[in-house]
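J.: The lines below spell out each chain.
Number of protein chains: 2
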Amino acid sequence: MPNNVQAITELKSLLGDRLSTAQSVLNLHGENETYFDITPPDAVAFPNDTAEVSEIVKICNTHGCPVVPWGVGTSLEGHALPIRGGVTIDMLNMKEVINVAHEDLYAIVQPGITREELNIELRATGLFFPVDPGANATIGGMSATSASGTTTIKYGKMSDNVMALEVVLADGRIIRTGSRAKKTSAGYDLTHLFVGSEGTLGIITEITLKLHGQPEAISAAVCEFPDTASAVNSVIMAVQMGLPIARMEYVDPMSIKALNAYSSLTMVETHHLFMEFHGTEAAVAETANRMKDITTNMGGGGFQYATKAEDRTKLWHARHNAYYAMKAQKPGTDGISTDVCVPISKLARAMDDTIADVESHGWQAPIVGHVGDGNYHVLFLFDRTNADDLALAKSLTSRMNMRALELGGTVTGEHGIGIGKMKYLQAEHGEAVNIMADMKRTLDPTGIMNPGKIVHQN
Amino acid sequence: MPNNVQAITELKSLLGDRLSTAQSVLNLHGENETYFDITPPDAVAFPNDTAEVSEIVKICNTHGCPVVPWGVGTSLEGHALPIRGGVTIDMLNMKEVINVAHEDLYAIVQPGITREELNIELRATGLFFPVDPGANATIGGMSATSASGTTTIKYGKMSDNVMALEVVLADGRIIRTGSRAKKTSAGYDLTHLFVGSEGTLGIITEITLKLHGQPEAISAAVCEFPDTASAVNSVIMAVQMGLPIARMEYVDPMSIKALNAYSSLTMVETHHLFMEFHGTEAAVAETANRMKDITTNMGGGGFQYATKAEDRTKLWHARHNAYYAMKAQKPGTDGISTDVCVPISKLARAMDDTIADVESHGWQAPIVGHVGDGNYHVLFLFDRTNADDLALAKSLTSRMNMRALELGGTVTGEHGIGIGKMKYLQAEHGEAVNIMADMKRTLDPTGIMNPGKIVHQN
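Here the protein sequences come in this chain order: A and B.
When the letters of the first sequence are read in order and numbered with the numbering used here, they come out as residues 1 to 458.
When the letters of the second sequence are read in order and numbered with the numbering used here, they come out as residues 1 to 458.
Pulled out of the complex, with its shape left as it was, chain A reads as follows:
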């Protein structure tokens, strides 16, 4: 039987003030950015280093007390909610950049540093860390949830950029996976097993990340389209031609309306692509020109460059605020922000069918997408205290997931499974989910590591 009370008593004597049971702290660690109910843990621990994480986990393992790692709480499928109580481990005190290897293009960091904090530290080095999910998430959280985002088309997703990990296992053992060499074939790839495991297999306490050179030149562009298909077909053509585009974001008319209102912009309320090009001056100009030709051929118009940093910043700031801009359109509502990912040839159909489904129920829902990856997001805004609305939002989400599977895609390109998508994981992977559960039982026999997420353990 779990004995959380005994575990917390022992943790208190280990950590002193760095173990909190104050209600305000518990509530803060029970929140989420989507529609799930607030679910506070029994206590929150603030370890200073890996050794303390190991001690915390050992104590919790002894008493069967659940352990949930916490970064800044921006995940969207309830990943960090302690749904069976227990102890949340907040990585706030583990924010160090341990090493920046300039010549070898990697950094070793602790999990609590956010991506923006890391890039501030890197500013003088000529290097940067490109993965950008929008939210200023922690590197630990982004690793644990296999995040990606707007720059994935050029720089890859988290799983492409994590070279090595230090992980605390359920019994407190500390292991190191991967290598700081650029490639390794030494044994099973445990790094990728922990990336995206959402805290259910171990707690990530150190990450070796690939860094990239800050590009010589950056320019951005926006382009208008009459419909989804013309925007998406432009993207398909660019991808097939191998154009080195750093960001390529679809934004639908509803979202444009919200961005105009929220960020004081004056864009035409139609389908848009937001693009960014990184490279040498010559390469950036060549790519932008080619992209202009492609979009024109596909029926796009109003192609506008933004080479000045302040214009680019304004554009991407607006894009990153899309979620909040859209929520601001319906004050007081809750939201389900859900993502799926399909082969890009199926993307226009997947988006159009989803919109048709939404509109057939008299609703509207904005769509934005990392379309170069075939990944799109829909935001359902509704009052969650209205049972009919909640049911409709869930059924629309369900059909969006199943539609992605029918089109050869996945039920989540970047948000992960958490508690929100467990049944769809089963639909997507069938028998392989049993293997995932075997992995979980092998690495966490007592079932304390973020229980109830991704797979059912028993």
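Cut-off 27 Å, straight-line C-alpha distance, at most; resulting in silico cross-link-like pairs (DSSO-like, lysine-lysine):
no., chain 1, residue 1, chain 2, residue 2
1, A, K154, B, K292
2, B, K257, B, K327
3, B, K154, A, K154
4, B, K210, A, K210
5, B, K210, A, K154
6, B, K257, B, K394
7, A, K394, A, K330
8, B, K154, A, K210
9, B, K154, A, K292
10, A, K154, A, K292
Everything labelled a hint here was simulated from the structure, so no lab data went into it.
As the structure is a prediction and not an experimental result, all values here were calculated from the model.
Given the coordinates of chain A, work out where chain B should sit on it, guided by the hints.
T.: Just chain B now, kept in the frame of chain A:
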């Protein structure tokens, strides 16, 4: 107790002529390209499809009979040697290209097709599959061993290019991992667990591979250097500047001598970089010019372009034949071709220290390297019937591995563990090897899947 005889009897009735126990067939499947003794299996099965692979594995699992998958046998650490007897599964009859998704840039293939066969099939599509380990290996073998090679610096390694797998597990269950969408965060990343697992966790029966657009323009170049450091420093500079170089190979003076003799070339017998550039005409020219400037600044000379296809082919054909060219220098000898990989800032030191160690014993050993990745290969040529020579070759290899670890690298960048590097895997990963063994026991409780490779199971 294993009952291989009973398993083979049942397999004979399942497969008829496609189960062979002819000595010539057994011997062929007991060979390897390095110094290990010939180790024939008890039988060789030639399945026609995934369902037959599943049936074969079920029968073998029932009788505790080892199962070893086989592509074309080009691995270098004894991966495919049936060291505990049993049944080798030869994928010769499973060579189909199941689907080429032109718009989505992927292909679905069976494991028995080789990379050159696949590229012939793709020739008319404008797409190609870039991973190139030198040998014309099968896609199944390259996936199972996490191969990479000369183009990794631009196009990534196998693990970057395998999107999804079909795998037959030890009990005959068939699972599907990954997605045909460009990214997925749906559950644990089982794809990367099987890529590089060398047949010890399951048998790969279908692979979904990323394809890439054939570049508009290709040019190649060679450049001479007075020493290792000037060549490697040129590479470091190019990597830091993010120059989009498709291949960047170091070839040492001994290897140049061998290539000159074997391929009728007339290169100066000094340190060389072989380079290839892929992109638009303008980008290729710009990159080549920048690379010429870099190499000149670092003390290189004799920079020569090869824009004609026949010149490029000759160059890379020579590079690919390096292994055979070097063996031809000492006819009748055996070889250990071993690889390690280090952060590139440590590469010149790692290579120079290795050469010094070799020469201090009165030996010579050629070095070639995928230096943009920090990966290099040394070939020890000797008479394996001479116990002193074998012992010296092994001790030099051992120190090369330990040196790579001291410099923050890995004991194998691309050859894998097989039977040759198991003890070094322990040195590299320590406690994590126990977790690898846990994975093995979980997925293969009866221990039939290519036993005795990567990790000790019991």
